[in-house]
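Chemist: Heads up: the protein sequence lines correspond to chains E, X, F, P, G, Z, Y, W, L and D, in order. Reminder that position 79 of the first sequence reads as 79 in the working numbering, one-by-one numbering, no gaps. Start counting at 1 in the second sequence, then tack on 197, and there's your number in the working numbering. Start counting at 1 in the third sequence, then tack on 394, and there's your number in the working numbering. Start counting at 1 in the fourth sequence, then tack on 591, and there's your number in the working numbering. Start counting at 1 in the fifth sequence, then tack on 788, and there's your number in the working numbering. Start counting at 1 in the sixth sequence, then tack on 985, and there's your number in the working numbering. Start counting at 1 in the seventh sequence, then tack on 1182, and there's your number in the working numbering. Start counting at 1 in the eighth sequence, then tack on 1379, and there's your number in the working numbering. Start counting at 1 in the ninth sequence, then tack on 1576, and there's your number in the working numbering. Start counting at 1 in the tenth sequence, then tack on 1773, and there's your number in the working numbering.
Note that these hints are calculated values from the structure, not bench results. Built from N, CA and C at the ideal position, the CB exists for glycine as well. Among the hints, a few may not be true.
Unchecked claim - Computed list of lysine-lysine pairs in DSS-like fashion (alpha-carbon distance at most 30 Å, straight line):
no.: 1; chain 1: W; residue 1: K1403; chain 2: D; residue 2: K1780
no.: 2; chain 1: X; residue 1: K379; chain 2: X; residue 2: K204
no.: 3; chain 1: W; residue 1: K1561; chain 2: Y; residue 2: K1273
no.: 4; chain 1: E; residue 1: K67; chain 2: E; residue 2: K24
no.: 5; chain 1: X; residue 1: K203; chain 2: D; residue 2: K1797
no.: 6; chain 1: P; residue 1: K614; chain 2: P; residue 2: K597
no.: 7; chain 1: Z; residue 1: K1009; chain 2: W; residue 2: K1385
no.: 8; chain 1: E; residue 1: K182; chain 2: F; residue 2: K418
no.: 9; chain 1: P; residue 1: K627; chain 2: P; residue 2: K597
Claimed, not checked - To be clear about the criterion: a stretch of chain Z counts as covered by chain Y if any three or more of its residues have a C-beta under 8 Å from a C-beta of chain Y, and this derived list gives those stretches:
no.: 10; region: 1055 to 1069
no.: 11; region: 1086 to 1097
There are 10 protein chains.
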Amino acid sequence: MAFVGKKFPNISVDVTDKTGITKKINILETAQKENKKVLLFWYPKDFTFVCPTELHAFQSAMADFEKRNTLVIGASCDTPEVHFAWLNTPKNNGGIQGVTYPIIADSNRNLSSQLGILDITNERYDDETGNVMVDGDNVTYRATYLIDEEGTVFHESVNHMPLGRNVAEFVRLIDAYTHVQKNGEVCPANWQEGSSA
Amino acid sequence: MAFVGKKFPNISVDVTDKTGITKKINILETAQKENKKVLLFWYPKDFTFVCPTELHAFQSAMADFEKRNTLVIGASCDTPEVHFAWLNTPKNNGGIQGVTYPIIADSNRNLSSQLGILDITNERYDDETGNVMVDGDNVTYRATYLIDEEGTVFHESVNHMPLGRNVAEFVRLIDAYTHVQKNGEVCPANWQEGSSA
Amino acid sequence: MAFVGKKFPNISVDVTDKTGITKKINILETAQKENKKVLLFWYPKDFTFVCPTELHAFQSAMADFEKRNTLVIGASCDTPEVHFAWLNTPKNNGGIQGVTYPIIADSNRNLSSQLGILDITNERYDDETGNVMVDGDNVTYRATYLIDEEGTVFHESVNHMPLGRNVAEFVRLIDAYTHVQKNGEVCPANWQEGSSA
Amino acid sequence: MAFVGKKFPNISVDVTDKTGITKKINILETAQKENKKVLLFWYPKDFTFVCPTELHAFQSAMADFEKRNTLVIGASCDTPEVHFAWLNTPKNNGGIQGVTYPIIADSNRNLSSQLGILDITNERYDDETGNVMVDGDNVTYRATYLIDEEGTVFHESVNHMPLGRNVAEFVRLIDAYTHVQKNGEVCPANWQEGSSA
Amino acid sequence: MAFVGKKFPNISVDVTDKTGITKKINILETAQKENKKVLLFWYPKDFTFVCPTELHAFQSAMADFEKRNTLVIGASCDTPEVHFAWLNTPKNNGGIQGVTYPIIADSNRNLSSQLGILDITNERYDDETGNVMVDGDNVTYRATYLIDEEGTVFHESVNHMPLGRNVAEFVRLIDAYTHVQKNGEVCPANWQEGSSA
Amino acid sequence: MAFVGKKFPNISVDVTDKTGITKKINILETAQKENKKVLLFWYPKDFTFVCPTELHAFQSAMADFEKRNTLVIGASCDTPEVHFAWLNTPKNNGGIQGVTYPIIADSNRNLSSQLGILDITNERYDDETGNVMVDGDNVTYRATYLIDEEGTVFHESVNHMPLGRNVAEFVRLIDAYTHVQKNGEVCPANWQEGSSA
Amino acid sequence: MAFVGKKFPNISVDVTDKTGITKKINILETAQKENKKVLLFWYPKDFTFVCPTELHAFQSAMADFEKRNTLVIGASCDTPEVHFAWLNTPKNNGGIQGVTYPIIADSNRNLSSQLGILDITNERYDDETGNVMVDGDNVTYRATYLIDEEGTVFHESVNHMPLGRNVAEFVRLIDAYTHVQKNGEVCPANWQEGSSA
Amino acid sequence: MAFVGKKFPNISVDVTDKTGITKKINILETAQKENKKVLLFWYPKDFTFVCPTELHAFQSAMADFEKRNTLVIGASCDTPEVHFAWLNTPKNNGGIQGVTYPIIADSNRNLSSQLGILDITNERYDDETGNVMVDGDNVTYRATYLIDEEGTVFHESVNHMPLGRNVAEFVRLIDAYTHVQKNGEVCPANWQEGSSA
Amino acid sequence: MAFVGKKFPNISVDVTDKTGITKKINILETAQKENKKVLLFWYPKDFTFVCPTELHAFQSAMADFEKRNTLVIGASCDTPEVHFAWLNTPKNNGGIQGVTYPIIADSNRNLSSQLGILDITNERYDDETGNVMVDGDNVTYRATYLIDEEGTVFHESVNHMPLGRNVAEFVRLIDAYTHVQKNGEVCPANWQEGSSA
Amino acid sequence: MAFVGKKFPNISVDVTDKTGITKKINILETAQKENKKVLLFWYPKDFTFVCPTELHAFQSAMADFEKRNTLVIGASCDTPEVHFAWLNTPKNNGGIQGVTYPIIADSNRNLSSQLGILDITNERYDDETGNVMVDGDNVTYRATYLIDEEGTVFHESVNHMPLGRNVAEFVRLIDAYTHVQKNGEVCPANWQEGSSA
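If we strip away everything but chain E, and leave its shape as in the complex, we get:
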């Protein structure tokens, strides 16, 4: 079932950043309390090639998101310790040094399993042991969620593993949604801020 038009899941997850401190964050409550939009993007794994490119692209656009009252949050199923190690690895070594937004460490998959974006397939219940065996690495696809100030999801998308995202498109979607919030108009296709609807 699509999350669009519904509230984002109401649960707390671990999040860390370049300070190396790990806290709990509840995205639904954060959007509502801080009265901000949230862009949440998931990537499969730390310490891979395509992922840092995306993470740096979101970093480069931080000013664009801030002036649109939008928090940027990254997320993967790695641990806070691994996030911290990666945050301390220079960009030219494949690291993400310089990233300032927080990154969720969903190692227990509480949030990603609820969103249904894990790459596991073919669950098999083993009668003998009572365990469940799966295919796949149990990491997330490249899923992105845009959430408004009331915690409602207004866009969700999932890209296959090897396919990077277009940061500018998310800026456009935020602008278009903000336009609807302000003007109550329905926003036509290919709409750009400043153009006449």
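We have chain E; now place chains X, F, P, G, Z, Y, W, L and D onto it with these hints.
Modeler: Below, chains X, F, P, G, Z, Y, W, L and D alone, put in the same frame as chain E:
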């Protein structure tokens, strides 16, 4: 559960076009037999304001999709008769005259319910009558699926009702995915065809 | 189970008319509050050939129904937007311009599924996806309900898809039922108002 | 669920006529084997006032049905013995002497319960005794079925207890349906044989 | 399970008599309130040959039952209208004109199904339709119940369809039971009132 | 459910007689193989007062039953040993010395529980022990069955504990049933052999 | 499960004796209220050969049990009437005249089924009739229970049908248990009262 | 349920003896193959006071059992190692040195749980852990089984923990049963070999 | 599931020692009330070869454990009586004379089944008897638990039957854990008390 | 349930090493095919402080394990990419550069969930979403398994998170087990290779 990384549902649905003839189409089989990519986009209802804008935008980009070996298919839960009436309504009367791609008429919701993109919520079973009552119009969100030549979904996204789509972004995603198919490389964020990865 | 002798289902559905405004209507409550009889007739789809003929026939008899204290309501599973487009299509273009009674837009099938008049058959539960697949267009047969001032159904009939209705017969049934209401007599076959029972 | 568009139930029931002989009849098979249409009408009880009026009305129109290749069959839940007694009661004593078509004696309710036209309501399972108690006389409403030569129902209607039927309307429906069978056209509202569609 | 030694079922059923008026009767309450014994006898169908003979035999013995403080009640599954027609049919036409005791019209089988005396066998549940099909006419065997002033059954018997009852035997059983009620003695076989036990 | 019109239960039970030898008897098979009618009568307990009276009464009528091709069989839930002791107890000591017909010893209640004539009521399942506790002595009422040469029950009756049976009535029922077997006529009430039906 | 070490079942059963009066007895309560031990012995059937021998043996040892504060109670599944007849049958006729202790009449098997000592085996549920059929006579084995003043079972034994009991052994067990009660010592094998443990 | 009259459980258990060698024994098969009777006696625990007394008593009577073709087998839930240690402990140290018959080591309770002679009570399922907790030491009562050459149990008894057994009584039971086997007679109470039955 | 990081099971079990007195001990409560660590070690069986070696090794290290505020408790599934016999058997006879710490007697397996360290495998439910049969001796592996002053398990290990334990390793683990308790540091591998972490 | 005495789970998992290549390994098959012992040790997370200490300690002892025919395998729930990054981080930066044994990347928890060593607790099923929420990081405790050449586990242990392991102890356990394999002797406590058992 995300459809990305999995085969598109293997079912046949009614589809019509400007000829007014209604046929059956199985998107999975079509992609595989014709060895083409498919862009399938859903909109909520015929004869509304924002929808025709999107439908015209896809029509304008038909050449771009064709040269990328990509079929464009529209879809809503209206009947073939309604699609045909709308296809015969001039653009300046709010119609979609001029649209040449086929439009699915999923009036029995066989496909949209399987994709999980209907706006119904709060299902209530009525013990007395044995019927199920729902909230919502039972029409679809603005969902988009990119499917490759093997029938595998490589992108899916859902926009909230009032939020139009950006046709150029889908062209970019097709190019990026094609690049990966050809070069086996992972495609970084914000990638544009012709730029060096 | 027949609805005759029972109250009409107590639920609200969307209804629109030539003004293009969509409201909620609860037929049971409307009959009781306005102390009127109701003739509710269902047709399969907007923008088809036989249907407008029936809709125009009911329109032509509006004076007959009004002087018998009877509301006429049309109904199909199309959306309010499609009803409005059809209401604005001239009669000689296959439209129903000129129709003044309201038309129910049961796009979520809340009412038609409760009445059991949808043409879907052969429901199949898909174990793998948990979805239900059906045969048929999920639109209604030509069903007609006559409801009295207390909301009780006193006649129901269903015609196969290609078979039009006889408006005069419904007038006769209303007259006969009204005769029984006034005179407490049982009304013999082929009874006509003014004839001696 | 409506029976229109489906085959009539495939079961055998007792039927008798003025000869007093009781046989089994399977309406579905009869229509198919004899290649005839069937008009089946149900009435609540033998030896009541309004019922014989209807039964005589159908008798008077026998020639009309015969020339339309249509069998007329009456039906109630009384026994063959009671039907026979009523068939031997003169018309002016409230009897139906003179009726020549067969009358079904559905005393075990095998057919009427399958059609869902019994007036019983409010079934209550008695835990102590394991029996089911009902409200109502367990007799049928005034239901009418038109069945074609393949055994498919093309019209069904149910009138409340005190409301007699219009024999001419059934003749009209048979003619309209026959017109569709012959001409493949959809038959508009208020259609009369001989008028141009 | 035998009803002997238990209270008669506590339910109300329709009863009529030669006046043609239909009322409700609860046999258990009637016995207790009027402080009378009750003889309740069931026969299969109105308007058959053997049945009127039995009904006349009970009529002839009415004085014997009255002086023993015993109500006589007949019963079948025919409707009150049919009972009334039969009560108005002269004896030499196979009718029961002259019968003065009331006759239960158990057309909904509420009482006869609880007593387990219907001739239906071989119940088959039809999975497809959810209906139950039976063999047999769904009418009663020749069952007789003797009920005392507290509503307790002290004799029950069932005869096969073609086998008439002996009214004198029921008089004997009532006398024997009354003897036990008065004298507290156990009544030996073949006992006759006035003989020494 | 009545056993009338159905085959007698097809099971074997212990039976003994004045020889003291215990055998198995299957009443259904016996009737069929020996081509005889059977009168089976149950009494509550050996060594009580009213019972021997009944047993002697059946003994006195043995010639009447024999010339009507009818086997007489007594039955209670006592053991064969107790039957034998009672059969050897002189009549004036409360015994049944002189009885020549066999007596069933249904100590395991296989047959009486299937006939539903045991006086137990109010079964209570004890969760702790998994046992069933009952009220009542678990002995039979005074039930009588008349069975024809094909094993079909044509009369059944149950008398309350203190109420003796009338042997002559069973002779009458056998004669009446035999009359029907021979003449195919339905036998009217109060019928006596030799009278004109 | 063994009953040793647990309380005897807390239920009331019918008991009679040479006076012919039938009462209720609850062995658990009797032991506790009268502060006595109880020896309860079961035998299969009245009026058999080996059983009276045992019953006389227990009678002969009554003085031994009385001076050990122990009640002796016999038990079978026969009725009180049969017990009374046997108690009045002279010893040389195979009776138990002279027996003074009470004998339980467990005709409804409430106690013996709870003790699990009935000889029935191979229970078969008959789906058609809903009855349970068993093999065996549904009488008890030769089971013996020794119960102390608190109602706790301290010995239980079961002998196969043809195998008589040794009364002296039960006297020994009572003495040994009493010795333990008084001295708190554990009682060695083959212990005899008066010997040094 | 009593085991008397049924086959002894058909399972293999560990058994050891003074040689210290542990083997498997199946008592049912042993009795049948060696054509011998078996006396199996259970005691609660090794290394207690009362138990060795019983074990020595059975040892002293070995000649009596052997000449009656009867195997003697002891049993407890201790391990073979503990049995061996006890078999090597001198009698005056509380050991059972000198015992020559085998002793079952039912440490996994496979046999004792099937016989229902463990002292555990009050089983409680712990929902949280999925374990079962019990009261009691999970050791056996003093149960004794006499089994014939076909493996059928002909005596079973259970003594409360502190109550020793009488070896002579088992010799008597074996003699009595053997007498029945030879003579087909039923053996009266208190019977002794050599006395006239 | 590992017990490490969780509280030790909260149940009471029997424990004895060289005094031969048997008490109840709840290890969780003991650790908490006495504010001590606990080393609990399980061995398979009393009176075997390898086990006493381990038991003597723990005894030799008692001073080391005491100065570390740690209670040592042994455990097996033998009874207290067997433990006592073994504690009184001299070391050179294979006994454990000289052992001063208490030994749990888990004969009912309440604790060992909850810990999951019994050697039973292959549980088979016997439908006929309702019993569970197992493979294995139902004794424990060589499992060891280290529990802190709050009752939390901080180490658990299981050795296969023939494999003895290293007492010094448990001393090292206690020291390392105590170091963490005091210093809040994480303790590196191969850490020894006094070395710098 | 302990794994000791049972085969190691038969499943394949991802494993990587300093070459950065990821393969599948099935430990059970590896032990059997290569005829080697396996030491498998789990640690919670890459890029933490205590873990690298343990990993270096196992590396230092590689020669000891090799000469004992034992494979060393590390394991955590991090991905191969993270393992590779850590393997390339110098020791003095908290990395594990220099480690040559392979490290399992159980990111889908297929193996660790089967071993029951994940730190998740308190699973809560969310009825609304159908998801399971857990407490804990879903990483493993410090568990160690010693597996023999047939794939049988002969030692398992789990240390709480902050508690490092003693490599020498595992060497001792391997030596002791090898001694038993060669000599068939049971190995006493504190045993050291070369000492006399």
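Chemist: Just to be careful, I want the Cα atoms of K1561 (chain W) and K1273 (chain Y) compared with a cutoff of 30 Å; is the pair within it?
Modeler: holds, 27 Å
Chemist: Against the 30 Å threshold, does the CA-CA distance of K614 (chain P) and K597 (chain P) hold or violate the hint?
Modeler: holds, 26 Å
Chemist: Has the given pair, K203 (chain X) with K1797 (chain D), been kept, meaning a C-alpha gap of at most 30 Å?
Modeler: Status holds; Cα separation ~23 Å.
Chemist: Please count how many residues of the region 1055 to 1069 of chain Z have a CB within 8 Å of a CB from chain Y and say whether that reaches 3.
Modeler: n = 6 at 8 Å, threshold three: holds.
Chemist: Sort out whether K418 (chain F) lies within 30 Å of K182 (chain E), counting only the CA atoms.
Modeler: holds, 28 Å
Chemist: Is it true that the CA of K1403 (chain W) sits at most 30 Å from the CA of K1780 (chain D)?
Modeler: Measuring from Cα to Cα gives roughly 26 Å; hence the hint holds.
Chemist: Is it true that the CA of K67 (chain E) sits at most 30 Å from the CA of K24 (chain E)?
Modeler: holds, 25 Å
Chemist: Hinted pair, alpha-carbon criterion (30 Å max): K627 (chain P), K597 (chain P). Please report holds or violated.
Modeler: holds, 17 Å
Chemist: Hinted pair, alpha-carbon criterion (30 Å max): K1009 (chain Z), K1385 (chain W). Please report holds or violated.
Modeler: Answer holds: K1009 (chain Z) to K1385 (chain W) is near 23 Å, not above 30 Å.
Chemist: For a C-alpha distance cap of 30 Å, please report whether K379 (chain X) and K204 (chain X) respect it.
Modeler: holds, 20 Å
Chemist: Counting residues of the region 1086 to 1097 of chain Z that have a beta-carbon nearer than 8 Å to any beta-carbon of chain Y, does the count reach 3?
Modeler: holds (count 4)
Checked against the numbered hints given earlier, this structure breaks none of them.
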